[in-house]
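Visitor: Here is how the chains run, residue by residue.
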Amino acid sequence: MAVAVAPAGLRGSPWLSFAVRRLGRFAISLWVLITTAFLMIQLIPGDPVRAALGLTAPVELVNARRAALGLDDTLWLQYVHYLGGLVTGDFGMSMTSGQPVSEVIGDRLPATLQLALPAFAVVIAVAIPLGLLFAVLTRGGRRRGGELAFTSTTVLLAAIPEFLLAVALVAFFSVQLGWFPVAGNADASSFVLPVIALALGPASVLARIVRVETLSVLGNDFIRTARAKRLPARLVYLRHALPNALTATLTMGGLMLTGMVAGTVLVENVFAWPGLGSTIAQSILQKDYPLVQGIVLVYGIGVLLVNLTVDVLLAVLDPRSTIREN
Amino acid sequence: MAKWFAALRTPVGGFAAALLTLVLALAVFAPILWHDNAFAIDTDAIAQGPSAAHWLGTDDLGRDILFRVLVATRLSVLLAVLATVIGVVTGLVLGTLPSLLPRPAARLVTSAVNIAVAFPGLLLVLFFSVIFGVGTHGAVFAVGFALAPAFARLAQTLSASVAGQDFVSAARISGVGRMRLLIRHILPNIGEPLVVNATIGAGACLLAFSGLSFLGIGVQAPDYDWGRLLGEGLNGIYVNPAAALAPGVAVVLAGLAFNLVGETVAGVIGVRTGLRKLSPRPVTPAREDAADARDDAVLVVENLQVAFPRPAGWTVPVRGVSFTVRAGEAIGVVGESGSGKSLTGLAVSRLVEAPAVVTADKLEFAGKPVLTTPERELRGLLGTSLAMVFQDPMTSFNPTRRIGRQLAEVAEQHQGLPRAKAFERAVDRLRAVRIPAAERRARQYPHEFSGGMRQRAMIGMGLMGDPKLIIADEPTTALDVTVQRQLLRLLARTRAERDTAIILISHDIAVVSQTCERMLVMYAGRVVEDLPSAATPRHPYTRALMAATLDLETDREASLAVIPGRPPEPDRVPNGCAFADRCPAATDRCRLEDPALERVEPEHRVACWYPAALSRPAKETVTAGGAE
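Listed in order, the protein sequences are those of chains A and B. Note that the first sequence covers residues 3 to 328 in my numbering. Note that the second sequence covers residues 1049 to 1676 in my numbering.
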């Protein structure tokens, strides 16, 4: 244990080695992601350009388009061009609109972020207090009824996939009650339903995780120590139990938060939200491969960033995790 | 298989099984029964809401939604199952491949799986559907392959756990080939959890597939599954919301059916029993000689009882304990584990939490009744005047906060010191307990401290206030002998400098008799003897404990003294003397009547019908202590 205080000379501070290790992992994952996105088009059986333009398209057009996309070069050359393009922000051209992919992404990404970030915030803001509250209320086998109600409600809500929830919300709140618009992102009220649809399931799962983790933390010796110091209950729960419960919660909740990145695709399609999600569905149908490739890359990077953020948060919350990873 | 049936007999399991049976029955029979109804075009009722003729309305060709939803069960379930099979098989191959491949290739596969697992399933589905193309076939492969990484991970974890077991090692040593090892020994042992997870996976595939069809990437017209119906229904949601909701409900129910069946089977290992209604708590009558009340008493305990509700009734691990601690006095509480000594320590400091119930005829700390005063009023007093040192220094500090801050909390909370001042005080107290480089150490986390240092810091935490009493519960058990001695010296010094009383709870009678002037010997939740450390013990149990300790005079040729038998479980304490079964001097009276703790000398109380006579030396009487 004491070794951790003074790590062997070369390693420097545990924080530095953590940063190096974690950024290294991020870089490798990013490279794998980019390479996979590149290979995606190569893996499509047959000629993607022919597939995209249709059987009736004249041969000259197909050839011209192939040349424009650089598909006639060797694989290595294409790879090098692709990587070079990415460095300069060139994601290629959309095959249907002729617009640069980076431009399409620049147009659509803000709408997706406007949906995903508030949904993230709602999940965190709802799940953590709720999970903590129910852990405290039901600790040591108290309030069995409350526990049952909490568990069954969250299990049920988590079982409904976000796009089905979205449809149900639209049917009820938009069509029946007329409170919110059915689609689009024209004004503030149009954000309500998509954000709820996206956040409700993950919030339920996370609240359950927070409760279980808090319960197990409350059984720890250091909670008894905190109580022996006669701290008010508020401090025992918020200062001593919560940070420890959050570390385990984050480890498990990270995967769920990345799932929300993908969840936006379906929700956007329900609400005809002008974001990346509706664009990727269309472009898959239209076989606009460069556009799909670009958007897949953006989503993938989003996932990697969420994972990275979770790990950094973990390290801050629980300093042991910076060392433990070895 | 027995486990599966056991799981399905629970209410949730039964519901899940019924639901799954219904879904599967619909998948088989619905297309046979209602195929024509689902395709019949009613030109009089195009895109209508629910009516008597069409319970869920019609689509924009005038086809009945209800029949279409029912008939779509087959395709939806079939595609989900197909995708699951592809996913599980691919995952199994990917997951077990590393155990067959040479090292570098194995590592490559493993890390590829690890990276893929980090991405959400839907993103993988979209990725693969680009490669496999739009349409039913492409979607089946896309959903299946998207499931594969998760299963590969599962197979890896499972087979790793099996591979470490003895029978696999034995097979490996006896020269069984890797392939054979995998097929004959590992796969059969991970089969069950894999099937359970595949069932859950089928639910996930069903949802993923409907999502894909909803996006228009999956099933193409004129075929239809629930996802496609949902997409079509959404377009006409203003006319007929039921057309969008019905397939949605179908997806959720079917998904839930697969999921619940899998989850209940997975969770069946722990059997839950309901909490029965509790009988009234047993009451222990005050049977002990009340320790004489003194003006300088720090702690007065009379007839303390701690009871826990258990499914079978109340368990009472502390059954009527009385003692007094005077200012500056050091008393030891000894006894085997389970004797209730730790619980007594927690109970007098009001740290036993519900559902346990603490009662006492009198429980006063520094003149204040501990049990009846509201917690808020006691907080300041207990927080500054009563210090606790717990057994395991490794787990008693919050791992996410710096040591200094954890000490400073006390001063911030109870003495109203500002942050910086409180921290200064913490550093000062760390110095007082001889932590070197206290300033720097205070900024470190618990994991950067050694065990002995943490225990010192714990004492330092107790010194943040002005403690009248330190309750140390096995403070040295987890530490090595040298550190143990330093720590006891530290406690003794603290006591001398501040006139602090100490309750030292320990199973080690030697440690206690060196450190404390008085001993409470506990057995089965009760004090059986209360004596000055220097006095000759008179209870057979105390004498046996003494005989079981080693010192310089112990005859090294003689066999080591042991007390035969074990103490009674707290829920099975006999009516008579709890020690009777192990006592060499027990008579019928001991087995029938429980002796009270009675004063035999001014400073000596014993609970025994036949306390040893004073004249006889301790070590001779207990010869029963021979090895069993």
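Source of the hints: derived by calculation from the structure; they are not laboratory data. For clarity, every value in this text was computed on a predicted model and none was experimentally measured. Ideal Cβ placement from N, Cα and C applies to all residues, glycine included. Keep in mind that the hints are not guaranteed to be accurate.
Chain B side only, calculated, beta carbon under 8 Å to chain A, not exhaustive [claimed, not checked]:
id	residue
1	VAL1137
2	VAL1141
3	LEU1145
4	LEU1148
5	LEU1149
6	PRO1168
7	GLY1259
8	GLN1268
9	LEU1293
10	VAL1400
11	SER1433
12	ASP1440
13	PRO1447
14	VAL1475
15	TRP1657
Derived list of chain A stretches under chain B, where covered just means 3 residues or more per stretch with a C-beta under 8 Å from a C-beta of chain B [unchecked claim]:
id	stretch
16	42-48
17	215-229
18	299-308
Visitor: Indicate, hint by hint, whether the structure satisfies it.
Guide: Status of each hint after checking the structure:
1. Contact between B/VAL1137 and chain A, as hinted, is not supported at the beta carbon level, the nearest pair being about 20 Å apart and thus beyond 8 Å.
2. A cut of 8 Å between beta carbons decides the hint on B/VAL1141: the least distance to chain A is about 19 Å, and the hint is violated.
3. With a least beta-carbon distance of about 18 Å to chain A, the hint placing B/LEU1145 at the interface is violated under the 8 Å criterion.
4. The restraint placing B/LEU1148 at the interface with chain A is violated, with a minimum CB-CB distance near 23 Å, outside the 8 Å limit.
5. This hint is violated: B/LEU1149 has a C-beta 19 Å from the nearest C-beta of chain A, more than the 8 Å allowed.
6. Hint status for B/PRO1168 relative to chain A: holds, with the closest Cβ pair at about 4 Å, below 8 Å.
7. With 8 Å as the threshold, the beta carbon of B/GLY1259 comes within range of chain A, its nearest partner Cβ sitting at about 5 Å, so the hint holds.
8. The beta carbon of B/GLN1268 comes no nearer than 10 Å to any beta carbon in chain A, farther than 8 Å, and the hint placing it at the interface is violated.
9. Taking 8 Å as the C-beta cut-off, the interface hint given for B/LEU1293 holds, the closest approach to chain A being about 6 Å.
10. Proximity of B/VAL1400 to chain A is violated relative to the hint, the smallest CB-CB distance being about 10 Å (cut-off 8 Å).
11. A distance limit of 8 Å between C-beta atoms decides the matter here; for B/SER1433 the minimum to chain A is near 10 Å, and the interface restraint is violated.
12. With its C-beta approaching chain A no nearer than about 6 Å, B/ASP1440 sits inside the 8 Å limit, and its interface hint holds.
13. Here the hint on B/PRO1447 is kept, as its CB sits about 6 Å from the closest CB of chain A, short of 8 Å.
14. Look at B/VAL1475: its Cβ only gets to about 17 Å from chain A, farther than 8 Å, so that hint breaks.
15. Taken as an interface hint, B/TRP1657 does not check out: its beta carbon lies about 38 Å from the nearest beta carbon of chain A, beyond 8 Å.
16. Only residues whose beta carbon comes within less than 8 Å of a beta carbon in chain B count, and the stretch 42-48 of chain A has 4; three or more means the coverage holds.
17. With 7 residues having a Cβ less than 8 Å from any Cβ of chain B, the stretch 215-229 of chain A passes the three-residue criterion, so the hint holds.
18. By the rule of at least three residues with a Cβ nearer than 8 Å to a Cβ of chain B, the coverage given for the stretch 299-308 of chain A holds, with 4 such residues.
Going through the hint list in order, the structure does not satisfy hints 1, 2, 3, 4, 5, 8, 10, 11, 14, 15.
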